[in-house]
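Chemist: Let's have the full structure, built from the sequences with the hints guiding it.
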Amino acid sequence: MNETNTGNGALVDVSGVEKVFHRGSEDIQVLKDLHLQVPAGEFLALMGPSGSGKSTLLNLIGGLDHPTRGSVTVAGERIDQLSDRRLAAWRARHVGFVFQLYNLLPVLTAERNVELPLLLTRLSKSERRRHVETALEAVGLTNRAKHYPRQLSGGEQQRVGIARGIVTDPTLLLCDEPTGDLDRRAGDEILSLLQALNREHGKTIIMVTHDPHASARASRTVYLNKGQLTREQKD
Amino acid sequence: MRFTHLIWGNLRRKKTRTVLTLLSIVVAFVLFGFLSAIKQALTGGVSLEGANRLIVRHKVSIIQLLPVDYKRRMEKIPGVAAVTHQTWFGGIYQDPKNFFMQNPVIPDEFLDMHPEVVLPADRRQAWLQTRTGAIVGRKTADRFHWKVGDKVPIQSTIWSKKDGTFLWEFDVVGIYDGRDKNTDTTAMFFRYDYFDEARRGGTGQVGWYTVRVKDSAQAAQVAKLVDAEFENSSYETKTEAEGAFVQAWAKQIGDIALITASILGAVFFTILLVTGNTISQSVRERTGELGVLKAIGFTNVQMLALVLAESCLLTVLGGMIGLGVAWLLTSRGDPTGGLLPLFFFPAREVLVGLGFSAALGLVTGFFPALQAMRLRVADSLRRI
Amino acid sequence: MAGPINWFSQIAAVTKFGLLSMPQRLGSVAAATFGIGGVVAVLVGVLSIAAGFRRAMAASGSPDDALVLRSGADSEMVSGFMRDSTRIIADAPGVARTPGGPLASAELFVIINLPKISTGTDVNVPLRGVERPALLVRDGLKIVQGRMFEWGKDEVIVGIGAAREFDGLKVGDQLKVGRYFWPVVGIFSAGGGTAESEIWSDATVLQAAYHRGDSFQSVFVKLKSAEAFNEFKDALTTDPRLTAQVFRQTDYYAQHSASVTTLITTLGYLIAFLMAIGAAFGALNTMYSSVSARTREIATLRALGFGSGAVVVSVMLESIALALFGGVLGAGLSYVAFNGFHTATMNWQSFSQVTFALAVTPQLLTQGVVWATLIGAIGGLLPAIRAARQPIAAALREL
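Going down the list, the sequences are from chains S, Z and V. Mapping of the first sequence onto my numbering: residues 121 to 355, in sequence order. Mapping of the second sequence onto my numbering: residues 23 to 406, in sequence order. Mapping of the third sequence onto my numbering: residues 635 to 1033, in sequence order.
By construction, these hints were calculated from the structure, which means they are not laboratory data. All figures in this text were calculated on a predicted structure; none of them were measured in a lab. One thing to keep in mind: the hints can contain errors.
Unchecked claim - Chain Z regions said to be covered by chain V (calculated; three or more residues, Cβ under 8 Å):
1. 36-46
2. 297-309
Claimed, not checked - List of simulated lysine-lysine pairs, DSBU-like, C-alpha gap at most 35 Å:
3. Z:Lys184 / Z:Lys81
4. S:Lys266 / Z:Lys36
5. Z:Lys260 / V:Lys787
We treat Cβ as the ideally placed atom computed from N, Cα and C, and that holds for glycine.
Modeler: Rendered as C-alpha cells:
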C-alpha cells in the first residue's frame, strides 16, 4: 500500500496542514505539518489512538473547520480559503457525512431524514422524492421509509444515515466511526454496504475508525499519531 | 414550504411542552381581546358622523340647563348647518339596575342629526303623530321584550309632572337599529313638546344642544363662535366636538388606555418569559441535531430562519386561537349587565393582536436563533 | 419502612435533590416564578382599586350619621327640599342637639368642571354648600391648611383629595364659579371619606350663585346614637308635610359605590383568572421539565426504596415553594407600587369625581398568596403523578 500518492489526479490534497486549538490560555497543536492525497474512487481508512487528531483531519477535509496553516484542496478547489457561508454551500454539494451516533432527527421519518440535504438544492418535490427512493434502495431500506428513528434498530438507523450521506451524490463520503456504536454483525453489514458503494458506484470514502476489522475493508489505511502521519503498521 | 416538516417536527418533539406553551399564548391573547373590548366599551363611542357634530352644554357643569331659545341664536352663526337639543330625563324602568338613557327630543330634528339611528319611515310618521310616542333602541327593546304598541312606565328621578307625580308613561311607536357597530342602541327617545308641556318646573329649559357644522374642518372655529355668542350671559356655554366630549367623559373614569396597556404589558411580559424559555430549552436540547444540519450544509442564515420560524409558528398559532376565542366570548356582549353597552372586539384590534403575535415570535426566538446560528459544527458534533 | 418520621425524611431528601438541581433549570424556574408573580401583582393591583374606592366610600359616614333626600331621588343631585322642610327635618326626634341648635346641615350639591391634573381633561368636581353644623355632623373633619371660610362670604375650602387631583385648588387660587371668582382659603381632611373629593362653601352663598332661591337638596344629620335611627326615620316618613327618604350615611355610600366596585371587581377577577390559567400552564411546563430532568435520579431513589408517595409530595412541595416565592414577590411588588397610590375616578351614580387611594389590604395580600399556592399545586400535581408512576427500569436507562 502506498503511503503517498503523488499523482496529479488527487481528489483531495491536504498540504502542510496544521491545526491548533486554543483552550483558555493553552494552545494545543492537534495536527502538525500534515500531507495527504486521496485519489478519486479510493476507500481510505484513517486510524490512530484517541487524541491523535483523526476526527479533526476529517473535519478539515469535510469543510467543517479551517486549518491554522496549510491548504486543503478538494476537486481542485481551495476549501480552506472559503468563507463559512460558501463552505456551507460547498458542503451541501460536495460532502456526505456519516456519524458514529447516526445523528438522525428523531422528529422526522427515515425518508424525511434522507431528504434533508436535498432541501438545500433547487430540486422539485418529485425530483427529491426520486433521489430519496434511490438512496433508500441502495441501502436496502425501502420498506422502512416511513418509520421514525426510534422504530429502527441501530444498524437500520446507520443505513438511513448512509442514505442521507449519498442522496445528493456528493464528491466525498466522510464517515466518523460509522460502526462504533453497532454490534459486530450490524457493523459488518454497514462495512459491506460502504464497500459496495465504493466498488460498484465508485464513491470516494474516507473513514475514521479505531477498529482494525473496519480498516481491513478499506482499500488503504493511513495512521495518525500525535497529529502526524506515521508509517503504516501491519499487525 | 419545503422546510415545513422540519419546523413542524421540531415543535412536536416535546408535545406536552409545546402544548402548554401554546395554551399560555392562547390565554394571553384571549386577555388581549377582552381588554380591547373593555377599552372600546369605555372610550369608543365616537361615530363617523361625530366628526360633523358639536356638543354645546352649560359651561359650569353638565347638570345645568340651557334656555331653549339658544337654538334660534345658534342657527344664525356662520358655519352652523343644524341645531337640536336633548335633555337628561333620569328615569328608572322598574328597577334602578335596569339602567338606560331616556331623553326628550324633537323627532324630525333628532333623526336628521343622527343618521346612524336607523328608523323605518313609517315608524317616523307614527312618532310624529303620537304625542306620547317614544322610539326605543333594539338592545333595550329585546332586553325587556318591548314591542310597538306597548305602554312603558318610566319613573323620573328629576322631573315631576304638573300633578306632582314622577311617573311618566310612553307609547312605543318604533324600534330603531344602529347603522354602525359602535352605535348605541340602548337609549329611548320621546317627544320634547309632550315633555315640556307636561313637566312641572324647568319649562323652556333644555339639557344640551347638538350642532351640525357645514364643514368639519371648520368645527373648531364654529365651536369658538358659539361660546363667544353666549359669553357673559347668565348661561354661558362650552362647545366641543362630539368626539372630544365622549373621550373626556371616558377620561373621567381614568386613563383607560394606560390601565389596559399596563395590564397587557404585565401579561405579555409573562408570556415572553414562558415562551422564550420553551424555545431556548428546545434549542439547547438540539445542539447535536443543529450541528448535523450545519454539517449537511445549512447556512447560518438558514439556521437563524429555522429557529425564528419555529417560534413564530408557535406564537402566531397561539395568537390566532386566542384571538378567535376572544372574538367568540366578546360577541356575547356586555358581561356586566348594562354598565358597558358597547362591548365588542374591534376588527382593527384583531389585526393589532396578530401583529403582536408575530412580534412575540421574533422576540422570543431571537436569542436562541442567534445561538443556533453561532454554533460551531465541530464542537457540537464532538459533544455527542 | 413505616413511620411518619421516615416518610418525612424521604420527602426531605427528594425535595432537597430537586432544589439542588434548580440552578440548571433556572430558565424555566424563573419563567414559572415570574409568571405567578405577575398574576398575583395584577390581581392584587386591580382589586386594590376597588378596595380603595370602597374604603373611601365607607369612611364617609359613621352609623350615627343620617342623610335625608326627597322621595324618589337616587342621589343628592336630583333631590330637592324647601327651607321649611329642612327645618322640620332638623327638629325631628333622634337628632343630636347642642346648645347652638340641632346638629343638622341642609346642603346643596352641584358639579363644576375642573381639569384633572393626571389627564389634563375636564372632570366633574362636586361643589357642596353647607350650614354651620356641617363640621360637627361629619366626623373627623379638620382644616389642615389655611382656614375655614367665613360664613356669608364668597369663599371656599377644598378637600385634600380634590386639591391633589384637580387643577387650581391650592390655598390662594381663585376658583371660577360661573362668572364669579371665589378664593380658596383652606384645605380640609375628612378621614379618607368622599368629603375629601369635594369643594365646600356656605350654602346661602351657593344658593345665590346658582339661583336656587331658598331651596336645598339634602339634609345631613347627626343622630343622638346609632339606635336612634329608626325613631328618626319613622318620624320623617310618617310626616304628611314631607316626602322624604332617610338613609344611614354608611348605607347610602355603600349603595353608591356598588356599581363601580362591582364593575372593577368583576373585571379584576376575570382578568386575573385568565392570567392564572396562563401562569398555571407555565408552572406545569416548569414542573414537567423539572421532573424529566431528574428522571434517572428519581428512579434511582425509588429503586433504593423511597416510596412513590414521597416523590409525589416532594414534587408538589417544590412546585408550591416556587409558586409561593413568586406569589410573595408579586404581592410585595404590588404593595410597594400600588398601596396608597392616590387617584380619582368618576362615580356614575353621582356623576362626580371621587378621590381615593388604592388599598392593598391584608385580605388582598392573603388572597394573592392563596391563588399562588393553588396555581403551584395545580402545576405540580400532574408532573408529580407522572414522576411517581414512571416504570423504574426504563427510567434508569434513560440518558
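Chemist: With the threshold set at 35 Å, check whether the alpha-carbon distance from Z:Lys260 to V:Lys787 stays at or below it.
Modeler: Since the Cα atoms of Z:Lys260 and V:Lys787 sit roughly 28 Å apart, the hinted pair holds (cutoff 35 Å).
Chemist: Can you tell me if the stretch 297-309 of chain Z counts as covered by chain V, using C-beta to C-beta distances under 8 Å and a minimum of three residues?
Modeler: Held - the stretch 297-309 of chain Z has 5 residues with a Cβ nearer than 8 Å to chain V, which meets the minimum of three.
Chemist: So is the stretch 36-46 of chain Z in contact with chain V by the C-beta rule, three or more residues under 8 Å, or is the coverage claim wrong?
Modeler: holds (count 6)
Chemist: For a C-alpha distance cap of 35 Å, please report whether S:Lys266 and Z:Lys36 respect it.
Modeler: It holds: about 20 Å lies between the C-alpha atoms, which stays within 35 Å.
Chemist: Measure nothing beyond the straight line between the CA atoms of Z:Lys184 and Z:Lys81; if it is 35 Å or shorter, mark the hint as holding.
Modeler: holds, 29 Å
Hint check: no violations occur; every hint is consistent with the structure.
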